[in-house]
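Asks: Chain residues, written in single-letter form:
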Amino acid sequence: MKRTKLFKGLTIFCSITMLISSFVGCGKNAETTEATPDTKEVAAGAESKVETEEEITLTLLQWDNIFTKNNYDVVAEYKKVKPNVTIEIENLKDTGEFEQAMKIRKTANQMPDIFALKPYMLADFGTIAADLSDLEAARDSIYAETFKVDGKIVALPTQAFNEFVWYNKEIFAEYNLEVPKTWDEFIKAAETIKAGGKYIPILMGGKDAWPDYPFNEFMPSLVANDGTLWNKMAEDPQPFTPDKPFYQAYQMIDQLYSAEVFGTDPLGMGFDQVKAMFGTKGAMLCAGQWFLADAQKAMGDKSDKIGTFLLPVRKDASEKLNTITMADTFLSTAQGGKNEAAAKEFINWFLTDAANYQAFTKAMNVNSTMKSIEAGVEPCIAEAFEGVDVNPVIYDGGNKKFQAIQAATKFDVKQIGQEMMSGKDLDELMNNLNKSWQEAQSTTK
Amino acid sequence: MNSLKTQKNVLLITFLFIPVLLLLVFVVYPTLKLLQTSFTSWDGFSEVQQIIGFKNYKDLIFNSKEIWVSLKNNFLYFIIHLGFIPLEIIAAVILNSKLRGMKFFKSVVFMPYIINGVAVAYAFSFFFSPVNGALNEILKMLSLEGWIQNWLSNPSVVNYSLVSVSLWRYSGFHIVLFLAALQSIPEDIIEAAVVDGANAFKRLIFIILPSIKIVVELMLFLNLRGALQVFDIPFVITQGGPGTASSTFALSTIQMAFKYKNFGMASTMGISLIMMIVVFNWVQKNIFGLKEGK
Numbered sequence: 001m002k003r004t005k006l007f008k009g010l011t012i013f014c015s016i017t018m019l020i021s022s023f024v025g026c027g028k029n030a031e032t033t034e035a036t037p038d039t040k041e042v043a044a045g046a047e048s049k050v051e052t053e054e055e056i057t058l059t060l061l062q063w064d065n066i067f068t069k070n071n072y073d074v075v076a077e078y079k080k081v082k083p084n085v086t087i088e089i090e091n092l093k094d095t096g097e098f099e100q101a102m103k104i105r106k107t108a109n110q111m112p113d114i115f116a117l118k119p120y121m122l123a124d125f126g127t128i129a130a131d132l133s134d135l136e137a138a139r140d141s142i143y144a145e146t147f148k149v150d151g152k153i154v155a156l157p158t159q160a161f162n163e164f165v166w167y168n169k170e171i172f173a174e175y176n177l178e179v180p181k182t183w184d185e186f187i188k189a190a191e192t193i194k195a196g197g198k199y200i201p202i203l204m205g206g207k208d209a210w211p212d213y214p215f216n217e218f219m220p221s222l223v224a225n226d227g228t229l230w231n232k233m234a235e236d237p238q239p240f241t242p243d244k245p246f247y248q249a250y251q252m253i254d255q256l257y258s259a260e261v262f263g264t265d266p267l268g269m270g271f272d273q274v275k276a277m278f279g280t281k282g283a284m285l286c287a288g289q290w291f292l293a294d295a296q297k298a299m300g301d302k303s304d305k306i307g308t309f310l311l312p313v314r315k316d317a318s319e320k321l322n323t324i325t326m327a328d329t330f331l332s333t334a335q336g337g338k339n340e341a342a343a344k345e346f347i348n349w350f351l352t353d354a355a356n357y358q359a360f361t362k363a364m365n366v367n368s369t370m371k372s373i374e375a376g377v378e379p380c381i382a383e384a385f386e387g388v389d390v391n392p393v394i395y396d397g398g399n400k401k402f403q404a405i406q407a408a409t410k411f412d413v414k415q416i417g418q419e420m421m422s423g424k425d426l427d428e429l430m431n432n433l434n435k436s437w438q439e440a441q442s443t444t445k
Numbered sequence: 001m002n003s004l005k006t007q008k009n010v011l012l013i014t015f016l017f018i019p020v021l022l023l024l025v026f027v028v029y030p031t032l033k034l035l036q037t038s039f040t041s042w043d044g045f046s047e048v049q050q051i052i053g054f055k056n057y058k059d060l061i062f063n064s065k066e067i068w069v070s071l072k073n074n075f076l077y078f079i080i081h082l083g084f085i086p087l088e089i090i091a092a093v094i095l096n097s098k099l100r101g102m103k104f105f106k107s108v109v110f111m112p113y114i115i116n117g118v119a120v121a122y123a124f125s126f127f128f129s130p131v132n133g134a135l136n137e138i139l140k141m142l143s144l145e146g147w148i149q150n151w152l153s154n155p156s157v158v159n160y161s162l163v164s165v166s167l168w169r170y171s172g173f174h175i176v177l178f179l180a181a182l183q184s185i186p187e188d189i190i191e192a193a194v195v196d197g198a199n200a201f202k203r204l205i206f207i208i209l210p211s212i213k214i215v216v217e218l219m220l221f222l223n224l225r226g227a228l229q230v231f232d233i234p235f236v237i238t239q240g241g242p243g244t245a246s247s248t249f250a251l252s253t254i255q256m257a258f259k260y261k262n263f264g265m266a267s268t269m270g271i272s273l274i275m276m277i278v279v280f281n282w283v284q285k286n287i288f289g290l291k292e293g294k
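Chains as they are written, first to last, in my numbering: chain A, 1 to 445; chain B, 1 to 294.
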């Protein structure tokens with residue numbers, strides 16, 4: 001009898017404890033959704049201020065601290081002109097993570113107020129972005145028209161940059177080399193350094209796949225003199241045949257890779273490993289304007305010996321030199337978002353406020369995307385353009401159809417670059433690509 | 001009595017309510033959702049998920065050469081780890097002996113498993129580096145320059161390099177599990193065998209191995225599951241490269257979803273992975289005679 005009573009007591013105690021804990025759990029949720037008395041007071045306070053200056057918090061989703069680095073902080077800058085607006089930054093490690101986060105938020109209907117986009121993301125997220133055509137910044141933008149989505153300006157680039165071959169002037173002087181003007185001269189210069197046996201002619205970091213992008217991603221557009229080549233390829237059932245620019249570019253790349261000028265094992269090291277070798281163990285490295293800080297770090301007190309030239313993708317020095325110009329980090333806001341108007345106002349301010357925009361471009365060492373605002377770049381970057389008849393090719397990441405075919409065929413130019421470096425036959429690669437491309441094109445709308 | 005039964009039921013239901021609810025929400029529902037998505041062509045973005053029947057399953061089996069290459073790489077992890085299980089048992093038997101300093105060796109053996117997997121992978125990418133890489137430097141020191149390879153960039157070598165990292169990381173964990181099983185064997189059985197004149201080999205075959213059968217079974221399952229799901233080591237060290245030479249099934253699944261925006265096919269791969277683990281485990285149990293009652 002005693003045991004039954006004890007059991008009964010224990011049962012009641014446990015049941016009550018479990019139920020209370022469940023209710024407490026649910027209760028907390030209810031509190032967050034219904035708002036605590038404190039929050040209500042704040043909300044009421046804000047409502048009374050609406051007429052004058054409403055307190056607004058704008059969320060900004062970015063990657064790699066692009067708006068908050070190198071002594072530039074967009075939050076502080078905007079606070080100076082709009083004290084009632086707080087920019088809440090959410091940072092993600094890189095563009096890969098950023099894209100995944102955006103997809104998840106889009107599905108969950110929790111888009112940030114402001115977000116940055118890479119050009120290739122415009123096809124996916126441009127369709128849900130608000131129309132920015134009426135902004136002053138859109139009218140003054142050099143690139144806005146080029147990157148319209150469905151005929152509307154939905155995102156504005158905040159930076160433009162070029163791709164360079166970074167080199168150590170001392171090493172070039174040691175081998176009596178001049179800046180190469182044609183593709184053959186470029187390979188010859190690399191072979192001369194290789195023959196010297198002291199330095200790796202071109203640092204690659206091919207283990208990471210992406211560092212071959214100046215060749216495998218951009219060269220087809222440079223050979224075609226067409227930044228929208230991917231879109232044209234999406235309409236072509238066999239874009240990898242020898243008479244097409246893609247094949248011609250890859251033939252040039254194959255010539256370079258076959259010269260084995262990337263050290264003994266270019267696929268054995270990642271970019272982090274090779275970037276530290278720039279200027280000391282390696283003579284050249286192909287990368288964008290963003291590489292400046294890394295180059296300076298690697299060269300240390302010999303930073304004044306850093307030189308740049310444009311990748312000479314041409315057969316004859318008398319031809320114009322096509323060079324990739326990237327318009328990048330497009331600011332955008334979601335259509336019908338809670339703070340759409342305030343977000344638009346922020347985007348407009350960011351690109352038209354000369355003091356702010358110049359501070360940003362200086363911190364990032366990038367070119368201006370605005371007609372009326374100039375951004376000063378480092379002299380070592382400016383020298384790449386001296387005495388060269390340059391033709392900028394504005395790079396387009398590819399439209400929706402291209403991206404659909406790309407996904408269906410698993411077309412990854414950087415991976416193809418790795419395969420080429422590991423000695424895979426070019427014609428075999430191109431034939432396989434033609435087959436899968438044609439098949440995917442017939443099933444893709 | 002009836003009231004006691006009711007009280008028992010109330011207590012049972014109260015205790016089980018939350019775990020079952022959590023299981024339903026976080027395990028059963030996502031699995032069913034995964035199964036549902038595997039019959040669609042969802043790109044992870046569109047609001048509409050178009051149902052395409054068994055097309056993904058058909059494509060996975062007949063039109064996905066690169067995924068089969070990935071599976072072949074998984075098989076390499078499986079077979080090499082499997083081959084190491086007898087060695088791990090022998091190592092555990094040695095560590096189980098009452099020799100001096102065994103506690104220290106036990107800790108050392110288990111250490112790699114405690115270290116963060118990504119950190120291990122990152123450290124090994126420097127270990128295999130062609131410039132100043134520790135492995136090549138060791139070979140040079142031993143005057144074995146002829147053995148130097150492109151450890152991470154030669155498609156026919158890279159998978160063996162990666163499997164060696166996996167062995168380094170997981171063997172210690174396996175040894176510790178075997179060790180725990182060995183310590184659970186009553187000493188009097190071993191002593192009786194010694195008295196009966198059984199030598200060390202006979203004791204291993206006829207007493208130790210049958211006594212740790214459950215742990216061996218668990219280990220075979222863990223090995224199979226681990227080999228089919230291997231992800232962090234190839235992801236950090238080579239990202240599946242060069243090309244797709246060192247890609248694995250899990251790596252291909254992630255790429256299918258996030259790089260090629262084919263969540264439908266990625267879900268199909270997820271379901272196939274579950275099925276493969278179940279089927280291969282059943283086959284494995286039969287081959288090694290570990291089925292219940294045998």
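One or more of the hints may lead you astray.
List of simulated lysine to aspartate or glutamate pairs, EDC-like, C-alpha gap at most 16 Å [said to hold, decoys possible]: (1) B:LYS259 <-> A:ASP124; (2) A:LYS410 <-> B:GLU47; (3) A:LYS401 <-> B:GLU66; (4) B:LYS259 <-> A:GLU97; (5) A:LYS103 <-> B:ASP43; (6) A:LYS106 <-> B:ASP188.
FYI, nobody ran anything at the bench for these hints, they're computed from the structure.
Asks: Would you list, in rising numerical order, the hints stated earlier that this structure does not obey?
Replies: 2, 3 and 6
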